[in-house]
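Could you build the full structure based on these sequences and the hints that come with them?
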Amino acid sequence: MRRSFSFAAIILTALMSYGLYNMKYEVRRLEGRLADLQQNLVADQQAVKILRAEWAYLNRPSRLQDLSGRHLDLQPIEVGQLTDLHELPVQAVKASQKTALFLPKTKRRAQ
Amino acid sequence: MSVFRRKARAIAPVSETTLQWAEETEEQLETGRNRLVVVGAVFALAFTLVGVRLVDLAVWQGSAGNQISLDAEQRPSANRADIVDRNGVVLATNLTTASLFAEPRRILDAGDAADKIVTALPELDRQEIEKKLTSGRAFIWLKRHLTPKQQNDVNALGVPGVGFRDDRKRVYPHGNLVAHVLGYTGIDNEGLAGIEKQYDDQLATVNRRSVSVTTGDPLRLSIDVRVQFALQQELSNAVDEFKALGAAGIVLDAVTGEVIAMVSLPDFDPNQARTASPNAMFNRAALGVYEMGSTFKAFTTAMALDVGTVKIGGGYDATKPLRVARFTIRDDHPKKRWLSVPEIFIYSSNIGAAKMAVDVGADRQREFLGRLGLLQRASLELPEVGTPLSPSPWREVNTMTVGFGHGIAVSPVQLTGAMAALMNGGVRIDPTLMARPPMVTPVGTRVMKARTSSIMKRLMRLNVESGTGTKASATGYLVGGKTGTAEKAGAGGYRRKALLSSFIGAFPMNDPRYVVLAVIDEPKGNKKTFGYASGGWTAAPVFGRVVSRIGPLMGVTPVDEESKSVRNAMFIRVKAGG
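Protein sequence lines correspond, in order, to chains D and G.
Counting from 1, one number per residue, gives the positions in the first sequence under my numbering.
Counting from 1, one number per residue, gives the positions in the second sequence under my numbering.
Hints in this document: simulated from the structure, not taken from any laboratory.
Fair warning: there could be bad hints in the mix.
[Claimed, not checked] Heads up, simulated EDC-like pairs for lysine to aspartate or glutamate below, C-alpha to C-alpha not over 20 Å straight-line: (1) G/320 x G/332; (2) G/169 x D/54; (3) D/49 x G/166; (4) G/320 x G/306; (5) G/197 x G/384; (6) D/49 x G/167; (7) G/449 x G/306; (8) G/116 x G/153; (9) G/149 x G/167; (10) G/243 x G/487; (11) G/497 x G/241; (12) D/49 x G/522; (13) G/320 x G/331; (14) D/24 x G/384; (15) G/143 x G/123; (16) G/564 x D/87; (17) G/131 x G/115; (18) G/564 x G/465; (19) G/564 x D/84; (20) G/169 x D/44; (21) G/471 x G/522; (22) G/169 x G/190; (23) G/169 x G/130; (24) G/143 x G/130; (25) G/471 x D/78; (26) G/575 x G/465; (27) G/149 x D/44; (28) G/320 x G/396; (29) G/149 x D/54; (30) G/243 x G/56; (31) G/488 x G/522.
[What the hints assert, rightly or not] Sample of chain D residues facing chain G (criterion: CB under 10 Å; computed from the structure): (32) 11; (33) 49; (34) 50.
[Said to hold, decoys possible] Some residues of chain D that are not near chain G, with every Cβ distance over 10 Å (derived): (35) 5; (36) 8; (37) 16; (38) 18; (39) 21; (40) 22.
Owing to the predicted nature of the structure, the values given are computational and were not obtained by experimental measurement.
Backbone N, C-alpha and C fix where the C-beta goes; we use that ideal spot for every residue, glycine too.
Structure below.
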């Protein structure tokens, strides 16, 4: 009885030591991976920051104006090119077109 | 323990003495057992506590503890939040750069190493590098903030004993464009001017709490870089054309109080702030205070109409120059007759404005200008905000001169803020450089009757149609405004040739949304302006061009200025009784 108890305790200790050893190395591995990921994350964030800064730099209004002047046929919008929808002249629409457009199908057939 | 007890019983039936001895032994054994139990319990308790704490750390607080250690490890020396414009365009950001250092003790051949380094970084002095490399110190900087290409070149040399260390640099991608608003930072990324200084704590702490380099909300300004660029370009063109000393300009949202653009010329590059001259660093739009001249007549007219000392149909006699104390007040464009209030405004009559101000009186004038924010320092979010200069004591002659904008010096920001109140229906809103959340209209304080504001809009419009401000017109945007031409004060009085020419106005006048100010410091007239350097000839055209450019950007719908409804909305009777 006592002997078997001691025996079991020894076995248990051995198993737990092995378990602990495994766990420790597993944790070390995971921590290494975590550090790697964190490092990549920081590197990526820095890259994103640099790209955002470069984007802002390349989109300086003065540069855009210069480029558009050299490569595009665009001009600033003239006031005359803008108007309100309700200021557009109403186009005359024939009566037959109106019915064809706005009446439900069955009625159209009946006509 | 039971072992002892059994043994004691086994030898029990012997003599009295042995029995006594056995009893004594048993007593002692009992004491020992009790002590062992107590010690055991204490140990068990201690181990339980340790166990509980282990579980606590590993399971409950595991992630938090992890975070703290990472944070401390990765936190860069001096990180700062970004600054963006109202549309999220990056105005200021931090970049990680590499700085080149050497460990002179590990350098094998200093001469050879210096030769190699200079081939990759030609801007460095070879002698100096060699001196640094032979200094025998453990660590020395060779060059800070290398570009990625330079870093690559130096790496390719393969010089032993030199290396790179991460460094942080504040970068302003837009260079000069927003310089005076942003300010700049020092070598350790501490704010030294502008928004960088005003919000130094906030910008610096935003990132201190977080792990990553990008999180932390950027500071969003009310500035729009596109509008800023239009204003800056038109002003700098005017500075070149009129060989002026400088210029300032502001675009203000009259409804929300947001400063959409703020330009001061000459400007500087905040990326190289240390090389900038004090003149370039000076913020003329917020820190400079100037006698603005005739633009003040808008406030005088509004004040007189609001108080009711004169009706819009009334007027004053401007036949003869006005003598008061040792001064003589003359008109620049004398009409030598009785002028109605609208005429006083559009012909910019000093005599009329002075008489108008005297009728209102010094006390009410001071109170009115105070309500418009012209007598206190503007509450703009910049460390560089100028304190206005106002007359003290405020005599009758001061009342007169302040009536046409002399003897009182205010900053362009104050002027623009006060004009916004005149244009938006009579509500004063403090100008701000911070973006306001959309759809939230700030609550201002009413400073005049809505009717007064309505008349002022018509007068400003009239002035561009047929007054001193005709050159400010921008087809379709229904602009209105007032010119200002002030002689700058010098030693022993005003200097006739040194002018501060300005134009302040708003658009669209039927419902003004944006107030625009253009100030040009000491313009010189040229052939195109027939030698004139007044506000109507120099600043008004800038205003017109700026409005034409920013109108479409801000989504202002153009109107037909000749249409009946617009004409009716802007109608005002010029000749009294006519």
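Evaluated hints:
{"no.": "1", "hint": "G/320 x G/332", "in the structure": "12 Å, holds"}
{"no.": "2", "hint": "G/169 x D/54", "in the structure": "14 Å, holds"}
{"no.": "3", "hint": "D/49 x G/166", "in the structure": "15 Å, holds"}
{"no.": "4", "hint": "G/320 x G/306", "in the structure": "27 Å, violated"}
{"no.": "5", "hint": "G/197 x G/384", "in the structure": "10 Å, holds"}
{"no.": "6", "hint": "D/49 x G/167", "in the structure": "14 Å, holds"}
{"no.": "7", "hint": "G/449 x G/306", "in the structure": "7 Å, holds"}
{"no.": "8", "hint": "G/116 x G/153", "in the structure": "10 Å, holds"}
{"no.": "9", "hint": "G/149 x G/167", "in the structure": "16 Å, holds"}
{"no.": "10", "hint": "G/243 x G/487", "in the structure": "17 Å, holds"}
{"no.": "11", "hint": "G/497 x G/241", "in the structure": "17 Å, holds"}
{"no.": "12", "hint": "D/49 x G/522", "in the structure": "42 Å, violated"}
{"no.": "13", "hint": "G/320 x G/331", "in the structure": "9 Å, holds"}
{"no.": "14", "hint": "D/24 x G/384", "in the structure": "59 Å, violated"}
{"no.": "15", "hint": "G/143 x G/123", "in the structure": "10 Å, holds"}
{"no.": "16", "hint": "G/564 x D/87", "in the structure": "14 Å, holds"}
{"no.": "17", "hint": "G/131 x G/115", "in the structure": "12 Å, holds"}
{"no.": "18", "hint": "G/564 x G/465", "in the structure": "15 Å, holds"}
{"no.": "19", "hint": "G/564 x D/84", "in the structure": "16 Å, holds"}
{"no.": "20", "hint": "G/169 x D/44", "in the structure": "18 Å, holds"}
{"no.": "21", "hint": "G/471 x G/522", "in the structure": "19 Å, holds"}
{"no.": "22", "hint": "G/169 x G/190", "in the structure": "11 Å, holds"}
{"no.": "23", "hint": "G/169 x G/130", "in the structure": "27 Å, violated"}
{"no.": "24", "hint": "G/143 x G/130", "in the structure": "13 Å, holds"}
{"no.": "25", "hint": "G/471 x D/78", "in the structure": "18 Å, holds"}
{"no.": "26", "hint": "G/575 x G/465", "in the structure": "15 Å, holds"}
{"no.": "27", "hint": "G/149 x D/44", "in the structure": "19 Å, holds"}
{"no.": "28", "hint": "G/320 x G/396", "in the structure": "19 Å, holds"}
{"no.": "29", "hint": "G/149 x D/54", "in the structure": "15 Å, holds"}
{"no.": "30", "hint": "G/243 x G/56", "in the structure": "74 Å, violated"}
{"no.": "31", "hint": "G/488 x G/522", "in the structure": "8 Å, holds"}
{"no.": "32", "hint": "11", "in the structure": "22 Å, violated"}
{"no.": "33", "hint": "49", "in the structure": "6 Å, holds"}
{"no.": "34", "hint": "50", "in the structure": "6 Å, holds"}
{"no.": "35", "hint": "5", "in the structure": "16 Å, holds"}
{"no.": "36", "hint": "8", "in the structure": "21 Å, holds"}
{"no.": "37", "hint": "16", "in the structure": "14 Å, holds"}
{"no.": "38", "hint": "18", "in the structure": "20 Å, holds"}
{"no.": "39", "hint": "21", "in the structure": "17 Å, holds"}
{"no.": "40", "hint": "22", "in the structure": "16 Å, holds"}
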